[in-house]
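K.L.:
Add chain U to chain X, keeping to what the hints say.
2 protein chains.
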Amino acid sequence: MPSYEIDKNDLLLIRQALEEDDAALVAALKDYHASEIADLCGKVSPEARERIVNVLPSDVASEVLAEMDEEHHPEEILFNLHPEKRSEIVEELDYDDATDLISQMDEEDQQEILEHLDEEDASNIRNLLSYEEDTAGGLMNTEIIKVNINLTKKEALDEIIRQSEEMEDFYIYVVDDADILQGFLSVKEVLKSRMDVHVVDMVSRDFVYVKAEMDQEEVARVFSQYNLTSIPVVDDEMKLLGRITVDDIIDVLQEESTEDILKIAGVSQDEELGGTWQDAIKSRLPWLIINLGTAFLAAAVIRSFDATVSKLVILSSYMTIIAGMGGNAATQALAVTVRRISLINLSDRQAYVTVFKEFLVGFVNGAANGLIVLAIAVFYDHNPKLGLVLFLSMTGNLLIAGLAGSSIPLILKRVGIDPAVASSIIITTFTDCFGFLLILGLASKLLL
Amino acid sequence: MPSYEIDKNDLLLIRQALEEDDAALVAALKDYHASEIADLCGKVSPEARERIVNVLPSDVASEVLAEMDEEHHPEEILFNLHPEKRSEIVEELDYDDATDLISQMDEEDQQEILEHLDEEDASNIRNLLSYEEDTAGGLMNTEIIKVNINLTKKEALDEIIRQSEEMEDFYIYVVDDADILQGFLSVKEVLKSRMDVHVVDMVSRDFVYVKAEMDQEEVARVFSQYNLTSIPVVDDEMKLLGRITVDDIIDVLQEESTEDILKIAGVSQDEELGGTWQDAIKSRLPWLIINLGTAFLAAAVIRSFDATVSKLVILSSYMTIIAGMGGNAATQALAVTVRRISLINLSDRQAYVTVFKEFLVGFVNGAANGLIVLAIAVFYDHNPKLGLVLFLSMTGNLLIAGLAGSSIPLILKRVGIDPAVASSIIITTFTDCFGFLLILGLASKLLL
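Residue numbers (numbering that gives the first Met the number 0), protein chains in the order written: chain X, 0 to 447; chain U, 0 to 447.
So here's chain X without its partners, still in its complex pose (with noise of 0.2 angstroms):
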């Protein structure tokens, strides 16, 4: 049964496996995917990072480097292996993932990696690390059959049979008398095996699989976790429906990265990106209005000050920076709150922290932006008492900003509304008033 995420338990037992011998740390990790061993190294401190690896069969610990993510540096736990080790993991791994992570290391550790492996490979890498890793050569694969043009049709058969090692396997889904998923085989293992061996012997029963009724973005998501090329789809009784191949994500995730945007920015998500002007005016006249109705709000804070504006008409232009300040902090906390909730599902924990980082992060650029206003009010304007409620307006504007940020899209989440609504358009309506208030209250108590 895969749960696609990592959970506080997991995380808990091999806490308590780290703490015993090589042969119980093995045992436990016996039962999870690489990509998800992959996931519980980012979890724990870089020196279990580097065991967990080393404990694990090279087959395994090169999957579990290739997947684990840039920022927990697996060029540093494949370097500090035994050379020995480190040199079969990298015939393992994939050429071009062998040059993502060699690629990662400075020159002279690159050098001393590629001296332990042999000729050809070493060659091959170090072919491949010419290339940007942002191109097509960077992305490219050199282990692909190819045959000459000149061969008659026998020959090109034994020649791709002989090369079939480097091609990908084809995998067969089995099934029991009722339709029911068991697991799946290996073509590959298939042929290779002796003519007396059962299917039943082969099959391997540790699979991914998805239910029918399940979102496309989280099909997404389990196919982006498990670097899949398909997953078989099944019904409530485990009976297995049909399959869906990565090919067909491709639109999803343009399909669904598409609408993050436009709904971040306040465009109805089935607005047609190429479609005629009336359409647009249909998707973006009621956001609009919602706006507009929500600008009244904020204009209406400004309102109630319109004693304290009139006396001190130089704040109409400094409540226009506080309040334009906020917006777009509000606006980054958004953006990469929205997208993390897209590409991952966030634990309780991780969304406490999410908004606590928000938080501080609000409170420093917006402490920043403060110093730099009341610096200006103070050598500008020759007004300190102003620079003071300058300062504070900034500061707390942007902390309520990065709050709202990130809190709003998380909460409506929880509540099973898209994240993505909670657009700038609401975000900024929440750092307009909020931003107003400060600088006009603080002003009518402390320069009139």
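The set of hints was computed from the structure by calculation and includes no laboratory data.
One or more hints might be untrue.
Identical copies look the same in the list; a pair holds intra-copy or inter-copy alike.
When the alpha-carbon atoms are kept at most 30 angstroms apart in a straight line, the in silico DSS-like pairs for lysine-lysine are as follows [stated by the list, open to error]:
hint: 1; residue 1: Lys29; residue 2: Lys152
hint: 2; residue 1: Lys153; residue 2: Lys281
hint: 3; residue 1: Lys281; residue 2: Lys42
hint: 4; residue 1: Lys187; residue 2: Lys29
P.N.:
What follows is chain U alone, placed relative to chain X:
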């Protein structure tokens, strides 16, 4: 030689062929990939579209319909075909693609199509029609290979071969003696062919490839346009270097979409979504300080009208409404344009059309919202002249918002800068300054 994009010449050619007889049209279409024909169909009249699908052989026509943009209603073209041709095309389609098309028709039309299919196809499609479009069930394909768990190896192999028609094809690259890419071979076809056939007789020379230096975003676009599962990578001499598989593209797409979202929101593209608060500050504070600088620009506009504001304090609350609405309208236009640039390479003509469309949308949305504020100024503030100022500045500012939000990213793209850096921060400065200038300038002329 793939050019990846349909250009004016292609369109001209097809338009000419459409004037002539069917044979000429078939000849003109012969050189295009099905996904390119689908693109061309988007650029001709609905009648021409139907004629093109009608003259194509069923296997190509089915691919064209599967690839065609929803907004050009491939399901209507399918429905209007002769029932016999229609059934042929549906049978050529994968069940999931056929279901996608048929699900767009109304109940009655669905019944008519299904009645003309053979029993098995009809029941499979009926079954798939019962799943929601955006769930795993709606995405899956039911044509899969499965074996019973109780079989022997021999029986399983026979079963796999018997079902191999359902298997997606596997392609092998063909090179000459100098390793220059010549084309590809379908393994299915090789297996079916006579023993004395040569590779040179079976090779398909009409293939899509990418150069090693191509940017990964462009590679993703090629994958998405041609619906590929893998693509060969060559050097400038067409020497085969390796290949890229679609699963590697998933990560590229996620990464690029995240970059777009973050940049639009004014966050540095390399901020780790799950990074520390210190990293977040480093990535966002520079943008906020830029914004602070630009906010002083807007504030300077207000300051230059200090006399106007102090005589008419009510302006300070309306000012924020006009500027805020401009910022939101500009962000809408920006998000749609940036996303469109990411997904397709806009031609010059498409770029002008986009800007003109946003101009129109801005004008209409501006006038609509302008009428609302006009009404409020008349009925609530009893000040028709103020209403006129508000109406004119709202219309003007939203019109400028549409122009800036669409043309700035397009201009950046043209001069080779990532269009997403035209973040809402830059764009809203534009609309803030212009909005303040409009309302205060008009007020100082008309209201004092």
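K.L.:
Tell me the numbers of any earlier hints that the structure contravenes, in ascending order.
P.N.:
2
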